[in-house]
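Q: Now for the letters of each chain:
2 protein chains.
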Amino acid sequence: MFEFKITAKDDTGARNGIFQTPHGPLETPVFAPVGTAATVKATQPRDLKELGASLVLSNTYHLYLRPGDDLVRDMGGLHNFMRWDGPMLTDSGGFQVFSLSDTNKIDDDGVTFKSHIDGSMHRFTPESSIAIQENLGADIIMAFDECPPPNEYDYVKNSLNRTHPWLLRCLEAKKRDDQALFAIVQGGIFQDLREESARFMMEHDFPGYAIGGLAVGETKAQMAQVLDWLRPVLPENKPRYLMGVGTPEDLINGVLRGVDIFDCVLPTRLARHGSAFYKGGRMNLKNARFKRDEQPITPNSAVKEFSRAYIHHLIKSNEILGHILLSMHNIRFLINLMEEMRVAIRENRLQAFADEYLSHYPPL
Amino acid sequence: MFEFKITAKDDTGARNGIFQTPHGPLETPVFAPVGTAATVKATQPRDLKELGASLVLSNTYHLYLRPGDDLVRDMGGLHNFMRWDGPMLTDSGGFQVFSLSDTNKIDDDGVTFKSHIDGSMHRFTPESSIAIQENLGADIIMAFDECPPPNEYDYVKNSLNRTHPWLLRCLEAKKRDDQALFAIVQGGIFQDLREESARFMMEHDFPGYAIGGLAVGETKAQMAQVLDWLRPVLPENKPRYLMGVGTPEDLINGVLRGVDIFDCVLPTRLARHGSAFYKGGRMNLKNARFKRDEQPITPNSAVKEFSRAYIHHLIKSNEILGHILLSMHNIRFLINLMEEMRVAIRENRLQAFADEYLSHYPPL
Numbered sequence: 001m002f003e004f005k006i007t008a009k010d011d012t013g014a015r016n017g018i019f020q021t022p023h024g025p026l027e028t029p030v031f032a033p034v035g036t037a038a039t040v041k042a043t044q045p046r047d048l049k050e051l052g053a054s055l056v057l058s059n060t061y062h063l064y065l066r067p068g069d070d071l072v073r074d075m076g077g078l079h080n081f082m083r084w085d086g087p088m089l090t091d092s093g094g095f096q097v098f099s100l101s102d103t104n105k106i107d108d109d110g111v112t113f114k115s116h117i118d119g120s121m122h123r124f125t126p127e128s129s130i131a132i133q134e135n136l137g138a139d140i141i142m143a144f145d146e147c148p149p150p151n152e153y154d155y156v157k158n159s160l161n162r163t164h165p166w167l168l169r170c171l172e173a174k175k176r177d178d179q180a181l182f183a184i185v186q187g188g189i190f191q192d193l194r195e196e197s198a199r200f201m202m203e204h205d206f207p208g209y210a211i212g213g214l215a216v217g218e219t220k221a222q223m224a225q226v227l228d229w230l231r232p233v234l235p236e237n238k239p240r241y242l243m244g245v246g247t248p249e250d251l252i253n254g255v256l257r258g259v260d261i262f263d264c265v266l267p268t269r270l271a272r273h274g275s276a277f278y279k280g281g282r283m284n285l286k287n288a289r290f291k292r293d294e295q296p297i298t299p300n301s302a303v304k305e306f307s308r309a310y311i312h313h314l315i316k317s318n319e320i321l322g323h324i325l326l327s328m329h330n331i332r333f334l335i336n337l338m339e340e341m342r343v344a345i346r347e348n349r350l351q352a353f354a355d356e357y358l359s360h361y362p363p364l
Numbered sequence: 001m002f003e004f005k006i007t008a009k010d011d012t013g014a015r016n017g018i019f020q021t022p023h024g025p026l027e028t029p030v031f032a033p034v035g036t037a038a039t040v041k042a043t044q045p046r047d048l049k050e051l052g053a054s055l056v057l058s059n060t061y062h063l064y065l066r067p068g069d070d071l072v073r074d075m076g077g078l079h080n081f082m083r084w085d086g087p088m089l090t091d092s093g094g095f096q097v098f099s100l101s102d103t104n105k106i107d108d109d110g111v112t113f114k115s116h117i118d119g120s121m122h123r124f125t126p127e128s129s130i131a132i133q134e135n136l137g138a139d140i141i142m143a144f145d146e147c148p149p150p151n152e153y154d155y156v157k158n159s160l161n162r163t164h165p166w167l168l169r170c171l172e173a174k175k176r177d178d179q180a181l182f183a184i185v186q187g188g189i190f191q192d193l194r195e196e197s198a199r200f201m202m203e204h205d206f207p208g209y210a211i212g213g214l215a216v217g218e219t220k221a222q223m224a225q226v227l228d229w230l231r232p233v234l235p236e237n238k239p240r241y242l243m244g245v246g247t248p249e250d251l252i253n254g255v256l257r258g259v260d261i262f263d264c265v266l267p268t269r270l271a272r273h274g275s276a277f278y279k280g281g282r283m284n285l286k287n288a289r290f291k292r293d294e295q296p297i298t299p300n301s302a303v304k305e306f307s308r309a310y311i312h313h314l315i316k317s318n319e320i321l322g323h324i325l326l327s328m329h330n331i332r333f334l335i336n337l338m339e340e341m342r343v344a345i346r347e348n349r350l351q352a353f354a355d356e357y358l359s360h361y362p363p364l
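Chains as they are written, first to last, in the numbering used here: chain B, 1 to 364; chain Z, 1 to 364.
Derived by calculation from the structure, the hints in this document are not laboratory data.
Take these hints with a grain of salt, some might be off.
Treat identical chains as interchangeable: a pair holds within one or across any two.
With a cut-off of at most 25 Å between alpha-carbon atoms, the simulated BS3-like pairs for lysine-lysine come out as follows [to be verified]:
1) Lys114 - Lys316
2) Lys279 - Lys220
3) Lys49 - Lys304
4) Lys291 - Lys114
5) Lys157 - Lys220
Bound-form chain B, shown alone (with noise of 0.2 Å):
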């Protein structure tokens, strides 16, 4: 169980794998889609896998605060109960707690927070997201840790000191072994700081490593460098996964820079906004330019039998069905971005892929 087979290796160092779970196999790079409150917002579990989703994502923090983790655990976990059997991850809840709580207090032992729900006051400490975790019962589950300021040397320094001991009591606390602790890895965007978070967490053989604190405010090119120190650093055999990453282009630059596994809400977000992507930016079916547009979103859309007008006319009209639509859109995008670049590692190819794609976009 949680092996991790590389089965294609790129120029680059982009890595075509298997990672092993109690609910299947998954092809590596991989992206998955988030499903905050036991649901990926909008899609039906059916359309998820006929999207080509294998891995989905979903929130510690959310659901012990609603339905709670006991609830999930009693109605035969979070596979059974959102009826979802493939793979799943759970976050630890600690960066929810820091960035959806109005008030929340850090200490060495753990966190209090207040609920954004109702106001009620809890606490999160590494022993309880981990028991948390496996209520919930997710294949793999990540070590509760602080995810500091990425500029702000001393503070990150300062955190490591609080992470690294968590992660050990969640070493400690886990008792399920067809679950996968995943540490992560913290150090802002300081060298040292990465190197020696990555260093500590490998004295203990995690079957994977995150790369956390990132995507929350450091520009593209700080994150790029962070991967770059990384790469050589964390442990070839075991997956690597980029946490909250979620653009096409971030997308890329991390299976360059050899992530394996990458979660984020914006499909479903940009969905809620009446946003599209498509290669080269987004569209916003908001937009009166798309009124009379027989085209789908794009040629080889999930949802190419519906127009840009008629997705258009149910933005604007408020209709549900324009959510789905843009969610599958956007979800299958990206899910079909990382098919292609699998496809072009083991074609050794990705580097071509790769400046073609982004060809269309910004530079970094």
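Following the hints, put chain Z in place on chain B, whose structure we already have.
A: Coordinates of chain Z only, in the frame set by chain B:
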């Protein structure tokens, strides 16, 4: 085209038939879900098909205002615009002009009204209603009529003097021969007026007859009475369409009285409010008693793989998937009921079927 063939008749007088349309045969009795703004709320066309939907209704008033019937025509008509390739029906816009517009003024020529979207002023006449419906291009289109308060004899009587000439103007205005224009019998809850209206319309041999002005405030017993009066009057060999009706009890009572076609927003409206049909009533999935209920909504629900607990969670969390799943459940519930009635008619046991089914509901 538009031939109606009765393939089986039950001792109650209920009919099982086939109505031929340019988009395929329509087996009756049939329930049509409503796609107000060219979308049956929260459902994909392919899901509708899977749920067994055969006829879909859309609203002239809404589509005229947004996106505009000329746009729909230019996009290849409603079938192509919304990607529904089965039979479709549009209403005349008359009912919505009176029920949705806060300002409207009727005269012998037509109705002037204020858009509920932007307050702009518009005018419908029999001629413009037909022209709009020809732009939309449904298989069945409806005569432009007034829907009067059903209990006011003098009002209803005078209203017929408007509706009947309007019907002849609709007939005169109609140009397309691939659309069936249905007449709409009015007359409130009064036998003499209903019969007068039906006889007037039958002089002009329409391909179908609707029964309008019901389900607007009269009692269930009054509705049944009107259907009983009209049954021997309306021609046997033409489909009968009871407009705006869609509770399970009303569908059964309608079919028992010879009605062939029904439509209603109820399944999707209930879904929006968290409510689901079951045999005997409705359950509100918001209710806390479903919080840990592992059962499906009903054993043969269209979404039986999902638990009540999960749907409760989705509704409480305002997740669109809750709305999607309840819409699918409710639409399938009514379509399944129609399928069961068609079989019962063919096996000449509709009365027994109806007695058993209705025994789960309060008496009429």
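Q: Starting from the hint list further up, note which numbers the structure goes against and sort them upward.
A: Going through the list in order, the structure violates no hint and respects every one.
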